[in-house]
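With chain A fixed as given, assemble chain B onto it according to the hints.
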Amino acid sequence: QKEVEQNSGPLSVPEGAIASLNCTYSDRVSQSFFWYRQYSGKSPELIMSIYSNGDKEDGRFTAQLNKASQYVSLLIRDSQPSDSATYLCAVNMENAGNMLTFGGGTRLMVKP
Amino acid sequence: DAGVIQSPRHEVTEMGQEVTLRCKPISGHNSLFWYRQTMMRGLELLIYFNNNVPIDDSGMPEDRFSAKMPNASFSTLKIQPSEPRDSAVYFCASQPAGRSNQPQHFGDGTRLSIL
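Order-wise, the sequence lines are chains A and B. Positions 64 to 175 (this note's numbering) are the ones given, in order, by the first sequence. Positions 2 to 116 (this note's numbering) are the ones given, in order, by the second sequence.
Just so you know, the hints here were simulated from the structure itself, not pulled from any lab data. Take the hints with a grain of salt, since some may be wrong.
As the list claims (entries may be wrong) - Here's a subset of chain B near chain A, in silico, CB distances under 7 Å, partners left out:
1) Ser32
2) Gly43
3) Leu44
4) Phe92
5) Gln96
6) Asn102
7) Pro104
8) Phe107
9) Asp109
10) Gly110
Stated by the list, open to error - These stretches of chain A come out as covered by chain B in the derived footprint (C-beta under 8 Å, 3 or more residues):
11) 91–98
12) 106–117
13) 154–164
Heads up, the beta-carbon is just placed ideally off N, CA and C, and yes, glycines get one too.
Extracted from the complex, chain B is given alone in its bound form:
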C-alpha cells in the first residue's frame, strides 16, 4: 500500500515567493495533519483536518500560512509571502478518522529552504 505522499521533497526559493506544499494521505484515512519540524522547536502541529474540514488551525503561525483540503485525497499548505524563518521540514500525516487510538502515519516530508 502507498503511504502518505508529499511533494516536492525539497524546495529552495527566495524570500517573498509563494510556496505550495502538497500531500496525498493514505487511502481511507480521513484525518490529515500538517507539521513543521525545526531543531529549535521540534515537531509542531500546524493544522489538522477531519473529513476535509479544518478542525484546529491554532498552530498556524501567521496569516501568511494557509491550508486547504479540497477532497479526501489531496491537501495543500501554502506560504505567501515566504520568509527565511519559514525554513524547516514540513511533514504531512494521516490517520483513520474518529479513532484516536490509531497512530498517525507520516510522509517523507518537504525540506523547505527560504533564501
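The shape of chain A in the complex, shown without the other chains:
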C-alpha cells in the first residue's frame, strides 16, 4: 500500500463546476499537508498548505483536512480550463524530518 494515495484520473469537469481532488495517507500522526499543481512540462508549484483539521480557503481553492480519517482534499470552485493540470498531494510524515511523501497525482481536465 502506498503511503500517499491519489486517484490518477483523469478527472474531467465542465468549466464553472467544482473539481474535487482527494488524497489519503497512511501515517496517522502526519502534521503537514500540501497541494502542488504541475502543468505539463513544468515543475510542481505550491498552491495550498494545511496543518489542522477543517477547511482552509484561498480564492477559488479550499483545502480540507480530516486527520481522524487520514484524508485531505482540494476543492476548486468555478473551474477554468487553465486549472487543467496534475495536482500532487504531499505529506510530511512523522519522523521523516523535512522529507515530503508525494502521491502519484491526479490529472484534472476542465472542459470549456
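Okay, now just chain B, sitting in the frame of chain A:
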C-alpha cells in the same frame, strides 16, 4: 527573489557519458532535495541535505548516482556512467531548515535524455 535555479534545462547525451546536474537553492534555505520524475514512477526523492550534510540517500538508485553539496548555495547530482533508463526530469527543491511545516520550492528541472 530568485527561486531555485537548476542547470542545464535540457541535457541529451550518449549512454556511458558522465552527466552533472546543478542546483542553487533559495538563499537562506538550508534543506535541499533532489527528485526524479518519470511517467511510470512519478516523483521520487533521491537524496536530501540539511546544512550541506546528506541526511537520507536511500532513494539514490545505484552507485552510479552521487550528490554533493559543497556549500549552502550549490549542489550537484552526478550520474556516471549514464544509462538510457536514467532518462527523466530531475528536480531540485529547497526548504528552510528545521521547519517541516514549510513547503518545498521546486526549480524548473533538468530534462535528461540518455541515448
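Now for the hints, and whether the structure bears them out:
The restraint placing Ser32 of chain B at the interface with chain A holds, with a minimum CB-CB distance near 5 Å, inside the 7 Å limit. Residue-level restraint check for Gly43 of chain B holds (minimum Cβ-Cβ distance to chain A is 5 Å; threshold 7 Å). Given hint, Leu44 of chain B at the interface with chain A, holds; its Cβ is 5 Å from that chain's nearest Cβ, closer than 7 Å. With its C-beta approaching chain A no nearer than about 6 Å, Phe92 of chain B sits inside the 7 Å limit, and its interface hint holds.
Contact between Gln96 of chain B and chain A, as hinted, is supported at the beta carbon level, the nearest pair being about 6 Å apart and thus within 7 Å. The closest approach between the C-beta of Asn102 of chain B and any C-beta of chain A is roughly 5 Å, which is under the 7 Å cut-off, so the hint is satisfied. Below 7 Å, beta-carbon pairs count as interface contacts, and Pro104 of chain B has one with chain A at about 5 Å; its hint therefore holds. Because the smallest distance between the Cβ of Phe107 of chain B and any Cβ of chain A comes to about 4 Å, under 7 Å, the interface hint for this residue holds.
For Asp109 of chain B, the interface hint holds, the least distance from its beta-carbon to any beta-carbon of chain A being 5 Å, beneath 7 Å. A cut of 7 Å between beta carbons decides the hint on Gly110 of chain B: the least distance to chain A is about 5 Å, and the hint holds. For the region 91–98 of chain A, the stated coverage by chain B holds: 3 residues have a C-beta nearer than 8 Å to a C-beta of that chain, and at least 3 were required. Counting residues of the region 106–117 of chain A whose beta carbon lies closer than 8 Å to any beta carbon of chain B gives 6, which meets the minimum of three for the stated coverage.
Using a Cβ-Cβ cut-off of 8 Å, 6 residues of the region 154–164 of chain A lie near chain B, which meets the minimum of three, so the contact claim holds.
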